[in-house]
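A.B. asks: This is what each chain is made of:
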Amino acid sequence: MDWTLLIDKTILILIVFLISLGVAAYATYGERKIAAILQDRIGPDRAGPFGLLQPLADGVKFFLKEDITPAAADKFLFILGPSLFIATALMTSAVIPWGQSFFFGEHEFSLQVADLNVGILYILAVVSIGGYGIMIGGWASNNKFALLGALRASSQMISYEIPLGMSLVALLLYSNSLSLRDIVDMQQGFHWNVFYQPLGFLIFLICAFAECNRAPFDLPESESELIGGYHTEYSSMKLGFFLFAEYINMFISAALISCLFFGGYHFPGLDSLDLAPNLAAMISVIVLFSKIIFFIFFFMWVRWTLPRFRYDQLMRIGWKVLIPLSIVNVLITGAWLTFVK
Amino acid sequence: MKLTNRSIVAANKELNWVEKLYLPAIVKGMMITFSHIFKKKATVKYPEQIRPIAPVYRGVHVLKRDEQGRENCTACGLCAVACPAEAITMDAAERQKGEENLYREEKYAARYEINMLRCIFCGLCEEACPKDAIYLTDRILPSNYARDTFIYGKDILVEGITPEGRVDISKRKKDYHMNT
Chain G
1 MDWTLLIDKT ILILIVFLIS LGVAAYATYG ERKIAAILQD RIGPDRAGPF
51 GLLQPLADGV KFFLKEDITP AAADKFLFIL GPSLFIATAL MTSAVIPWGQ
101 SFFFGEHEFS LQVADLNVGI LYILAVVSIG GYGIMIGGWA SNNKFALLGA
151 LRASSQMISY EIPLGMSLVA LLLYSNSLSL RDIVDMQQGF HWNVFYQPLG
201 FLIFLICAFA ECNRAPFDLP ESESELIGGY HTEYSSMKLG FFLFAEYINM
251 FISAALISCL FFGGYHFPGL DSLDLAPNLA AMISVIVLFS KIIFFIFFFM
301 WVRWTLPRFR YDQLMRIGWK VLIPLSIVNV LITGAWLTFV K
Chain V
1 MKLTNRSIVA ANKELNWVEK LYLPAIVKGM MITFSHIFKK KATVKYPEQI
51 RPIAPVYRGV HVLKRDEQGR ENCTACGLCA VACPAEAITM DAAERQKGEE
101 NLYREEKYAA RYEINMLRCI FCGLCEEACP KDAIYLTDRI LPSNYARDTF
151 IYGKDILVEG ITPEGRVDIS KRKKDYHMNT
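If you read the sequences in order, they're chains G and V. Residue numbering for the first sequence follows this note's numbering, starting at 1 and increasing by one per position. Residue numbering for the second sequence follows this note's numbering, starting at 1 and increasing by one per position.
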């Protein structure tokens with residue numbers, strides 16, 4: 001094992017970890033601010049300038065709240081649920097290429113923790129484990145609302161992981177690789193996958209909303225009918241973990257959508273500028289993050305526009321619309337690759 | 001039977017296939033929410049910015065003094081009788097020699113308490129007062145943690161003697177509109 005590699009990766013993991021947490025914290029601020037602006041309000045503006053310290057205040061409040069474990073709850077699983085959920089949420093960031101490599105003399109500093117050749121499969125697998133976090137949390141609470149929420153979460157995740165996977169199959173047929181870095185590098189210039197896989201993108205986007213439990217697919221939470229759903233019984237930082245992990249998931253989904261369909265860290269004209277490699281790497285990181293921030297905004301924009309689906313509508317869209325559509329998309333892509341290209 | 005002119009016949013028509021996609025409607029809705037980004041905000045930032053209050057607003061009471069700084073109240077008890085919420089209690093006392101600069105008439109209220117949790121801010125005490133002593137003002141009742149802090153005594157209710165301590169109630173005088 002190469003020591004420099006180990007140090008490189010440790011530093012990178014730490015940075016990615018901190019950025020994920022930071023983005024998730026400020027996504028809560030962004031959510032409240034965007035919700036307010038879309039509803040002609042001002043939003044949080046008391047803690048610090050423009051309310052920028054609000055996430056900090058929220059975090060302190062979460063830690064100071066009383067940590068209640070219901071008497072009838074399964075103690076071990078009750079703690080395991082949120083831990084699993086946030087751990088898996090943080091793990092997914094490992095395979096995302098955050099930018100072009102930096103060069104320090106001869107030494108290459110790659111901005112991807114692990115360039116797995118099955119990167120997408122890794123993400124799908126880890127996200128599925130994240131579903132267990134919700135299920136375990138809902139089950140361990142020993143509360144009917146929590147159980148209903150967990151039940152809904154599991155059925156929703158199963159229903160929507162199929163079209164999610166199918167839309168990726170079409171993308172993989174087209175790009176011939178499962179590695180995220182290969183897929184991103186393939187989209188160099190302006191050959192973004194969204195232009196070649198518009199239907200696949202749409203299906204992926206809808207499924208990403210469902211996988212993140214975001215409105216209009218926030219049935220597992222349903223604060224109005226299930227009083228919080230799977231996290232009804234949670235309090236203090238355990239609840240904070242659930243909410244936080246949701247925002248991390250949103251961040252990762254936004255990163256994934258940008259990488260898979262919107263050229264990742266590339267933007268048209270980056271190569272023609274002929275910049276020094278380190279400067280180009282900096283710009284590539286900024287480009288990726290602006291795309292991510294746009295998609296996080298998009299997630300919130302949708303949330304504050306659409307009402308929640310009814311349960312039968314959710315299942316109908318999943319099984320009778322998205323799955324057939326995604327199969328058709330795979331067929332069209334296959335036919336196109338075989339006969340046209 | 002038609003009960004009202006405003007009734008609308010519900011149109012339970014089937015959605016056509018474009019509408020079943022939801023997407024056009026979603027895009028339309030998102031455009032609407034997006035347009036709200038540029039709309040004027042409705043928020044009033046309360047402590048810094050206060051919404052205009054009507055001249056007849058009924059807030060926390062004040063016990064008035066006359067021009068020479070003497071208390072108007074003679075503890076006649078009419079306000080307490082008029083009060084529908086029975087929020088007012090008082091003890092009367094006789095003015096002693098040398099207190100002429102404090103109380104306008106021979107009798108005054110030694111204790112005058114309004115329970116702000118009982119008070120419904122109806123303004124009947126003000127109407128009942130024959131001595132121009134009690135008025136409701138545009139001041140808002142502040143919140144507090146303990147219930148007993150809401151029993152306001154003379155220390156809070158009586159206005160100050162200094163010009164800064166005076167509470168302006170000219171807007172609430174019955175002939176306010178005639179004057180302006």
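One thing to keep in mind: the hints can contain errors.
Below 25 Å or equal to it, Euclidean Cα-Cα: the simulated PhoX-like pairs (lysine-lysine) are [to be verified]:
no.: 1; chain 1: G; residue 1: K65; chain 2: G; residue 2: K144
no.: 2; chain 1: V; residue 1: K13; chain 2: G; residue 2: K320
no.: 3; chain 1: V; residue 1: K64; chain 2: V; residue 2: K107
no.: 4; chain 1: G; residue 1: K320; chain 2: V; residue 2: K20
no.: 5; chain 1: V; residue 1: K13; chain 2: V; residue 2: K41
no.: 6; chain 1: V; residue 1: K173; chain 2: V; residue 2: K131
no.: 7; chain 1: G; residue 1: K61; chain 2: V; residue 2: K45
no.: 8; chain 1: V; residue 1: K173; chain 2: V; residue 2: K64
no.: 9; chain 1: V; residue 1: K28; chain 2: V; residue 2: K45
Keep in mind that the hints were calculated from the coordinates and are not lab data.
A.B. asks: For each hint, tell me whether it holds in the structure or not.
C.D. replies: Hints versus structure:
Between K65 (chain G) and K144 (chain G) the alpha-carbon distance is near 24 Å, which keeps this suggested pair within the 25 Å criterion. The straight-line distance between the Cα atoms of K13 (chain V) and K320 (chain G) is roughly 21 Å, inside the 25 Å bound, and the hint therefore holds. A threshold of 25 Å between alpha carbons decides the hint, and for K64 (chain V) with K107 (chain V) the separation of about 15 Å falls inside it, so the pair holds. Between the alpha carbons of K320 (chain G) and K20 (chain V) the distance comes to roughly 12 Å, so the proposed pair stays at or under 25 Å and holds.
Our distance criterion of 25 Å between C-alpha atoms is broken by K13 (chain V) and K41 (chain V), whose separation comes to about 38 Å. Between K173 (chain V) and K131 (chain V) the CA atoms are separated by roughly 13 Å; this keeps the pair inside 25 Å, and the hint holds. Annotation: proposed proximity of K61 (chain G) to K45 (chain V) holds, straight-line Cα distance about 23 Å (limit 25 Å). Restraint check: the Cα-Cα separation between K173 (chain V) and K64 (chain V) comes to about 13 Å, which is no more than 25 Å; the hinted pair holds.
For the proposed pair K28 (chain V) and K45 (chain V), the alpha carbon gap of about 32 Å is over 25 Å, so the pair is violated.
Hint violations for this structure: numbers 5 and 9, all remaining hints satisfied.
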